[in-house]
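Here are the chains, one letter per residue:
Protein chains: 2
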Amino acid sequence: MSATTGTEPEAVTGWDILSAADRIAGYVRHTPLLSSPFLDEIAGRRVLVKPECLQHTGSFKYRGARSALSAMPSADRRRGVIAYSSGNHAQGVARAAQEYGVPAIIIMPSDAPALKIANTRALGAEVVLYDRGREDRDALGAALAEERGVSLVKPFDDPRVIAGQGSAGLEIAADARALGIEDAEVLVCCGGGGLTSGIALALEDQMPGFRVRPVEPEGFDDARLSLEAGRITGHGGPEKGLCDAILTPAPGRLTFPILSRLCGPGLAVSDEEALRAMALAFQRLKLVAEPGGAVALAAALFHGKEIEADTVIVTISGGNVDAGTFARALDTL
Amino acid sequence: MSATTGTEPEAVTGWDILSAADRIAGYVRHTPLLSSPFLDEIAGRRVLVKPECLQHTGSFKYRGARSALSAMPSADRRRGVIAYSSGNHAQGVARAAQEYGVPAIIIMPSDAPALKIANTRALGAEVVLYDRGREDRDALGAALAEERGVSLVKPFDDPRVIAGQGSAGLEIAADARALGIEDAEVLVCCGGGGLTSGIALALEDQMPGFRVRPVEPEGFDDARLSLEAGRITGHGGPEKGLCDAILTPAPGRLTFPILSRLCGPGLAVSDEEALRAMALAFQRLKLVAEPGGAVALAAALFHGKEIEADTVIVTISGGNVDAGTFARALDTL
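Listed in order, the protein sequences are those of chains A and B.
Counting from 1, one number per residue, gives the positions in the first sequence under the UniProt record's numbering.
Counting from 1, one number per residue, gives the positions in the second sequence under the UniProt record's numbering.
Only chain A is shown next, with the shape it has when bound in the complex (with noise of 0.2 Å):
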């Protein structure tokens, strides 16, 4: 990755989200801009939504997988690469490494929810599973990686992930300037930061006026509290919550720059607004959200007060929800 300073090596540039953009183009859907009126009444202003859900694999993590992959030296990519993750990461590594034919192995919690392991397995990923409470996930990954000789990709603080994810941002401005907006406040779902700093850094060139906001889950809110702060700082809540995509401990090394020059402030939507925004997308505009990727859609909805734009951009970062808890939303009609 090129670097913007001497001290960054690793920062990411708008160069380097064109870059990834133009390495995956073909394999990554361009997703539209959907809306609806009644949405827009709820929310007292104009919204457009980004829907992720409908990426390969069910969210955005896709594009930074495809990112990642494609940007690997070719000899280091055939002997394959390793990702850990139960969920979207999980998924999108599979399809990236199926699609180059080289090996996949993901390291799952053996409590995984079946479907998602074999969704995964079912990508042509070999899963390895380890016990959360009594083995150490990053031993595990580094010996299976020293032994294999295979790359690891990281969930968001990689630069080619993050370059990769910015590859929604390039779409956001398109089709915003096609509908003739230049101000613009963007809702981005936030969990470590990948998909966040990756639109900023993509809106900081094409869109000027366009604002990038992180939106978290209450109690998991690490972005909104280390851009108060101005340093990486610790949400200090608990590991597990509904929101189960996004829910991080600290923004990342590589993303919290990015998001401390370019977004904020944060915003926080509590569960209950999560579903019901599941709900509202479930009726308005047909697509399914997990709770995760409906938390900036929420606060698109139910925190207008925080929000000065009279157009908001939202993104719904992902869609892998299981029935059980779809229901539960849709009990929020």
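No wet-lab data here; the hints were simulated from the structure.
A few of these clues could be false.
[What the hints assert, rightly or not] Pair by pair, the computed Cβ-Cβ distance ranges are: (1) B:Ser-74 x A:Ala-174: 57 to 63 Å; (2) B:Val-128 x A:Glu-228: 53 to 59 Å; (3) B:Asp-131 x A:Thr-332: 22 to 28 Å; (4) B:Pro-265 x A:Pro-73: 49 to 55 Å.
[Stated by the list, open to error] Only part of the chain B face toward chain A is listed, based on derived beta-carbon distances under 7 Å: (5) Ile-42; (6) Ala-43; (7) Cys-53; (8) Leu-54; (9) Phe-282; (10) Lys-286; (11) Val-288; (12) Gly-319; (13) Ala-323; (14) Ala-327; (15) Leu-333.
Every residue gets a Cβ at the ideal spot worked out from N, C-alpha and C, and that includes glycine.
Following the hints, put chain B in place on chain A, whose structure we already have.
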């Protein structure tokens, strides 16, 4: 509308579809072709899904409504439009009229779901309720049309409506061509045949290697029976059923000759299969399909022995389903 022969003054041609597509461009959403390796595996062939549930108002009906209003002489359009519908056509006409700033009267049964009545009103239409048991809808509509000088927009047997629905076929042709597909069976959810015949006309010109086939619910398969008999034949079944959006007694006077010339044989799926297809659209595509909108996907997934092509393209024609019915579909997972 242009005529193909002297004896069929209202026949619709491929040129009418191009003209309609031109009039509605920029208003109608170009919906993509989506796919999932998991669906391909179930079907035993490549499955491409055209999600018209993502169209404005949640179904393809907006295409035909916008097309009809855009083709009216402006003096007629200014006086307003009238439609009978408790469902998707109502919302399509209401939205198109709202965009033109002209009055819309929608005649709905008083026992229609409260949400659908509320939605149609929220789109600016005047909803006139009638008692299904005691009042004659057609007489009521004719009296209102006479009194107010408004124009009737029929749900399918109108050349302007058929041409508008055909715009979905032009999109299928363009997107399939970009994927290098030249042979495919195109399965279309079929009520009165407006969408099926429109798509067939569009593909006749654009994709001569494609075969269009109507899909209906078992017991409501009047298009299939009519194609077999070579003349318009009713299904003779009940009026109501799970797949409410596509339960018409018989193909239309305008749509049937097109179906007969270009389409078939028809397919029919069970309600259980439609529900399972809804559940798989939820799980694998992150889309909300209504029962009638899921029958073509159901045929692709569960009636593979009746299909020959290596690639099947299916419409999901709408997603306007209540939470209770959707939960019933999820129970099949």
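*Hint by hint, work out which the structure violates, then give me just those numbers in ascending order.*
1, 3, 5, 6
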